[in-house]
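Asker: So you can see what is in the structure, the chains are spelled out below.
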Amino acid sequence: MIDKTKAWLKERILLDKKKSSEIVEKVLKEPIPKHMKNWFYAIGATPLLLFLFQIITGILLTFYYVPSPEGAYESVRHITQDVQMGFWIRGLHRWASNFMVIAMMLHIVRVFFTRGYRKPRELNWIIGILMLITTLGLCFTGYSLVFNQLSYWAATVGTNMIKEIPLVGETILRFLRGGTEVSGNTLTRFYNLHMGLLPTILFVLIVVHIVFVRIHGVSKLEEHEESYPFYPEHFYHTVVIVLFLLITLSALTVILPPGIGEPANPSVTPPHIKPEWYFFAVYSILKIFPLRIGIYLSIAVLIVATFWPFIDEYMQARWPKIKINYWVGSLVIILFLIFTVVEIIVT
Amino acid sequence: MLVEKIKFLTRREFLEKIFLRGGLIAGLIAGILLLKNGISFLFPPIQKGEAQKLLIARTNEIEVGKAKEFQISEKSFFMVKTESGMKVYSAICPHLGCKIKWEQYRNRFYCPCHQGVFDVEGKVLSGPPPRPLDEFRVEIKNNLVYMWLDENQGIIA
Numbered sequence: 001m002i003d004k005t006k007a008w009l010k011e012r013i014l015l016d017k018k019k020s021s022e023i024v025e026k027v028l029k030e031p032i033p034k035h036m037k038n039w040f041y042a043i044g045a046t047p048l049l050l051f052l053f054q055i056i057t058g059i060l061l062t063f064y065y066v067p068s069p070e071g072a073y074e075s076v077r078h079i080t081q082d083v084q085m086g087f088w089i090r091g092l093h094r095w096a097s098n099f100m101v102i103a104m105m106l107h108i109v110r111v112f113f114t115r116g117y118r119k120p121r122e123l124n125w126i127i128g129i130l131m132l133i134t135t136l137g138l139c140f141t142g143y144s145l146v147f148n149q150l151s152y153w154a155a156t157v158g159t160n161m162i163k164e165i166p167l168v169g170e171t172i173l174r175f176l177r178g179g180t181e182v183s184g185n186t187l188t189r190f191y192n193l194h195m196g197l198l199p200t201i202l203f204v205l206i207v208v209h210i211v212f213v214r215i216h217g218v219s220k221l222e223e224h225e226e227s228y229p230f231y232p233e234h235f236y237h238t239v240v241i242v243l244f245l246l247i248t249l250s251a252l253t254v255i256l257p258p259g260i261g262e263p264a265n266p267s268v269t270p271p272h273i274k275p276e277w278y279f280f281a282v283y284s285i286l287k288i289f290p291l292r293i294g295i296y297l298s299i300a301v302l303i304v305a306t307f308w309p310f311i312d313e314y315m316q317a318r319w320p321k322i323k324i325n326y327w328v329g330s331l332v333i334i335l336f337l338i339f340t341v342v343e344i345i346v347t
Numbered sequence: 001m002l003v004e005k006i007k008f009l010t011r012r013e014f015l016e017k018i019f020l021r022g023g024l025i026a027g028l029i030a031g032i033l034l035l036k037n038g039i040s041f042l043f044p045p046i047q048k049g050e051a052q053k054l055l056i057a058r059t060n061e062i063e064v065g066k067a068k069e070f071q072i073s074e075k076s077f078f079m080v081k082t083e084s085g086m087k088v089y090s091a092i093c094p095h096l097g098c099k100i101k102w103e104q105y106r107n108r109f110y111c112p113c114h115q116g117v118f119d120v121e122g123k124v125l126s127g128p129p130p131r132p133l134d135e136f137r138v139e140i141k142n143n144l145v146y147m148w149l150d151e152n153q154g155i156i157a
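Protein chains in written order, with the numbering used here: chain S, 1 to 347; chain Z, 1 to 157.
Accuracy of the hints is not assured; some may be wrong.
Claimed, not checked - Label-pair restraints from in silico Cβ distances: (1) Z:E63 / S:I345: 31 to 41 Å; (2) Z:L42 / S:K10: 46 to 56 Å; (3) S:F175 / Z:K53: 26 to 36 Å; (4) S:T188 / Z:Q47: 41 to 51 Å; (5) Z:E50 / S:V168: 29 to 39 Å; (6) S:N265 / Z:K48: 19 to 29 Å; (7) S:F175 / Z:Q52: 38 to 48 Å; (8) Z:Q115 / S:E313: 41 to 51 Å; (9) S:R77 / Z:F43: 30 to 40 Å; (10) S:I293 / Z:L42: 45 to 55 Å; (11) S:L337 / Z:L54: 33 to 43 Å; (12) S:K29 / Z:F14: 37 to 47 Å; (13) Z:N37 / S:K6: 51 to 61 Å; (14) Z:Q52 / S:V168: 13 to 23 Å.
Bear in mind the hints are in silico, worked out from the structure with no lab data behind them. Keep in mind it's a predicted model, so treat the numbers as computed, not measured. Backbone N, C-alpha and C fix where the C-beta goes; we use that ideal spot for every residue, glycine too.
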């Protein structure tokens, strides 16, 4: 019976054992430069694995979540307090989103300081920036879905900020809100973005990103660097990181389970309202600078970040002795940390 | 010979060209129309109301220097009695849309999101708000206070 099934499948799948093992061999034995033995170079795969993890936990959450202003908060409360293991699944989803942002930031820092974006890898850097933006979009729409006070006011403030983008701001605002105000339409749109459009975009970007990495190969730090195969050492580095992450995520969820806060109340803005930590720097800048300057500043930073490989190349050609990426990278990290810490300290 | 140099189109070639080019142009127009209407699918229609004059209070309801919050169809407003008369402001901060609060002990409006501060006249005292509070036209008749809402529920100052 089993043999018959095997033969039946074999005829239909047309699996060529030799060919497929050759492909697997090629993928696993991909030569990577020796510097990749350093653990810091295994961070790139973690956002991908966390993304897959988010898909699984996210799908589980949709079994209970209700995307309507009347039902959203109650359904999150139900998941967290009534459903068996609900707080755990939700907590994992929430903590993994934070870890995904951290992992992406670390990966970007690594690529930036090692100038991994050098020719011919400029496009892959831009794809990376697009992935970061998409991920932050996922985070923003994600915590808006809880529909508690933080969600509601973050959605209000966040979409109002978008309004200030020159030329297209008003249109994007109306698209996101599904009207002029934050309403039920906004919630269903955020739900769609969070579990439909944005994950699809991110998935496509990830595929293109990895294909590019494979086409270009990993950039060498020195010209004549030795190589070693991707499997087993680097592969196991990644596996160990994933196992570590899963344990940490689970432990964090148990120690610091996700709260649900107060239900959204459009007629009261609570005192000390703050977004998630990764938006602290922007939030803090918005308090210090007038709105328009703050928004223009953010857009300028985004444009420079996107086209950094070209800017860097130009600067290198002009001033070959100065390691401009070290200076710019350090400055950005220091400013980000200062503004974030200021926001943590200031109530 | 001149005649030999000119390449005549056969009927088939002529029809093929006409259909191909015509098809492309028609397809392009259809595509543009579809895109235009398709995009409008993403933007739900905004229903405009009518300009309204609403009775909101009696003049003796609040004292000078005090403010009172009220709501009209889920929108919040503040009514303030100042030396110069009765004022009505939107309770939405013109910075990023948070809800402002009236702080009686400091005689000011305060936005908790980005620490915007406004005086009783709605002017910005400190913080990042780019403009004063949105003010609405007020009418007083027979000791009754009315406010005007325009068709966009916006400002008629």
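Asker: Hint by hint, say whether it matches the structure.
Answerer: Hint-by-hint comparison with the structure:
1. Z:E63 / S:I345: 31 to 41 Å: At 40 Å between Cβs, range holds.
2. Z:L42 / S:K10: 46 to 56 Å: With Cβ atoms ~48 Å apart, the hint holds.
3. S:F175 / Z:K53: 26 to 36 Å: holds (34 Å)
4. S:T188 / Z:Q47: 41 to 51 Å: violated (18 Å)
5. Z:E50 / S:V168: 29 to 39 Å: Since the Cβ atoms of E50 of chain Z and V168 of chain S sit about 31 Å apart, the hinted range of 29 to 39 Å holds.
6. S:N265 / Z:K48: 19 to 29 Å: Because 27 Å falls inside the window, the suggested range holds.
7. S:F175 / Z:Q52: 38 to 48 Å: Once the Cβ atoms are compared, 29 Å apart, the range 38 to 48 Å for Q52 of chain Z and F175 of chain S is violated.
8. Z:Q115 / S:E313: 41 to 51 Å: Since the Cβ atoms of Q115 of chain Z and E313 of chain S sit about 42 Å apart, the hinted range of 41 to 51 Å holds.
9. S:R77 / Z:F43: 30 to 40 Å: Distance hint for R77 of chain S, F43 of chain Z holds at roughly 32 Å.
10. S:I293 / Z:L42: 45 to 55 Å: Given about 30 Å between the Cβ atoms, the range is violated.
11. S:L337 / Z:L54: 33 to 43 Å: violated (50 Å)
12. S:K29 / Z:F14: 37 to 47 Å: Because 59 Å falls outside the window, the suggested range is violated.
13. Z:N37 / S:K6: 51 to 61 Å: At roughly 53 Å between Cβ atoms, K6 of chain S and N37 of chain Z fall inside 51 to 61 Å, so the hint holds.
14. Z:Q52 / S:V168: 13 to 23 Å: About 32 Å separates the Cβ atoms of Q52 of chain Z and V168 of chain S, which means 13 to 23 Å is violated.
Of the numbered hints given earlier, the model fails hints 4, 7, 10, 11, 12, 14; all others are met.
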